[in-house]
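Chains as they are written, first to last, in this note's numbering: chain A, 62 to 172; chain B, 164 to 277.
Keep in mind the hints are simulated off the structure, nothing from the lab. In this text the structure is predicted, and so the values were computed from the model without any measurement. No residue lacks a Cβ here, since even glycine has one placed at the ideal position from N, Cα and C. Certain hints may be false.
[Stated by the list, open to error] Label-pair distances were calculated between CB atoms; the ranges are:
no.	chain 1	residue 1	chain 2	residue 2	range
1	B	G247	A	K64	16 to 26 Å
2	A	A140	B	S242	27 to 37 Å
3	A	P172	B	V277	37 to 47 Å
4	B	K220	A	K118	26 to 36 Å
5	B	G166	A	T79	25 to 35 Å
6	B	S190	A	V106	31 to 41 Å
[Said to hold, decoys possible] The calculated DSS-like cross-link candidates involving lysine-lysine, where the alpha carbons are at most 30 Å apart (straight line), are:
no.	chain 1	residue 1	chain 2	residue 2
7	A	K118	A	K78
8	A	K124	B	K176
9	A	K78	A	K116
10	B	K220	A	K132
11	A	K64	A	K120
12	A	K132	A	K116
[Unchecked claim] Some chain B residues well away from chain A (every beta-carbon gap over 10 Å; in silico):
no.	residue
13	T170
14	R178
15	Q181
16	F223
17	S228
18	L244
19	L246
20	G247
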Amino acid sequence: SQKIEQNSEALNIQEGKTATLTCNYTNYSPAYLQWYRQDPGRGPVFLLLIRENEKEKRKERLKVTFDTTLKQSLFHITASQPADSATYLCALPEGSYIPTFGRGTSLIVHP
Amino acid sequence: KAGVTQTPRYLIKTRGQQVTLSCSPISGHRSVSWYQQTPGQGLQFLFEYFSETQRNKGNFPGRFSGRQFSNSRSEMNVSTLELGDSALYLCASSLRGAPEDGYTFGSGTRLTVV
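Generate coordinates for the entire structure from the input sequences, incorporating the hints supplied.
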């Protein structure tokens with residue numbers, strides 16, 4: 062089965078810098094990959110989907126890349142703000158279209 | 164538009180009891196999925212319902228069951244509760260379940276089994 066790896070250590074950065082989070086997977090390359098944001102005590106919020114034939118996707122201050130050779134997706138938040146502090150989860154389909162989630166990486170943006 | 168509503172928000176049950184959790188999806192969404200989230204295992208898929216039919220199922224024991232009604236509202240039932248069932252149970256709705264739709268999650272039901 063697919064194994065999804067996200068850095069379990071929190072990422073601490075200063076406000077205004079670019080945050081980069083990593084999602085690695087171990088087996089077959091999925092047809093797409095999703096990124097979600099989760100705040101404490103709340104459910105995840107869908108942010109972006111990138112397909113295997115898309116190298117990069119942008120939405121406002123967010124940028125996602127998808128490298129099927131490296132089996133990796135990078136999630137960037139430019140001009141980060143304290144309000145961006147949250148846990149970010151990547152998800153990819155296993156078997157059918159049902160997303161399987163990574164454990165997430167906590168991002169802390171310091172003012 | 165109203166989001167995904169899960170009730171109750173918090174629940175404390177005793178081992179051996181059973182529990183029913185409720186989820187009202189976004190109006191018009193026909194796919195409802197359930198996930199269990201724990202610190203040790205992360206988010207784990209339980210099952211997905213679409214138009215009152217279970218369309219996909221995760222690797223959970225038969226004590227975990229669900230159903231969906233004609234108005235797309237869904238319930239999840241856990242029988243013979245165990246301490247390890249303590250978790251945040253999340254419901255997610257989607258228009259069709261297609262990946263580009265994304266999932267909209269509710270705030271979850273925090274279940275504590277004592």
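Each hint, compared with the structure:
Between G247(B) and K64(A) the beta carbons are some 22 Å apart, a value that agrees with the proposed interval 16 to 26 Å. In this structure the supplied range 27 to 37 Å is violated for A140(A) paired with S242(B), their Cβ-Cβ distance being about 50 Å. The hinted window of 37 to 47 Å between P172(A) and V277(B) holds, with their beta carbons roughly 40 Å apart. Here the CB-CB span from K220(B) to K118(A) is close to 31 Å, well matched to the stated 26 to 36 Å.
The given range of 25 to 35 Å is respected by G166(B) and T79(A), whose C-beta atoms sit roughly 30 Å from each other. Evaluation of the 31 to 41 Å hint for S190(B) and V106(A) yields a failure: the beta carbon distance comes to about 19 Å. With a C-alpha separation of about 19 Å, the suggested pair K118(A) and K78(A) falls inside the 30 Å cut-off, and the hint holds. A C-alpha spacing of about 43 Å is found between K124(A) and K176(B), which places the hinted pair above 30 Å, so the restraint is violated.
A distance of roughly 23 Å separates the Cα atoms of K78(A) and K116(A); the hinted pair therefore holds under the 30 Å criterion. Simply put, K220(B) and K132(A) have alpha-carbon atoms about 26 Å apart, close enough for the 30 Å limit, and the pair holds. Taking the CA atoms of K64(A) and K120(A), the gap is near 27 Å; set against the 30 Å cutoff, the hint holds. With a C-alpha separation of about 12 Å, the suggested pairing of K132(A) with K116(A) holds against the 30 Å cut-off.
Consistency note on T170(B): stated as away from chain A, and its beta-carbon is indeed over 10 Å from all of that chain's, at 14 Å minimum. Annotated as non-interface, R178(B) keeps its C-beta farther than 10 Å from every C-beta of chain A; the closest such distance is 25 Å. For Q181(B), the requirement that its beta carbon stay farther than 10 Å from each beta carbon of chain A is met, with the minimum near 24 Å. Distance check for F223(B) against chain A: the nearest CB is about 13 Å away, which clears 10 Å, and the non-interface claim stands.
Residue-level check passed: S228(B) sits 18 Å from the nearest beta carbon of chain A, beyond 10 Å. Under the 10 Å C-beta cut-off, the non-interface status given to L244(B) relative to chain A holds; the minimum distance is some 22 Å. Against chain A, the non-interface label of L246(B) holds: every CB pair exceeds 10 Å, the least being about 21 Å. The claim that G247(B) is not at the interface with chain A holds, since no C-beta of that chain comes within 10 Å of its own (minimum 18 Å).
Hints 2, 6 and 8, counting from the list given before, are not met by this structure.
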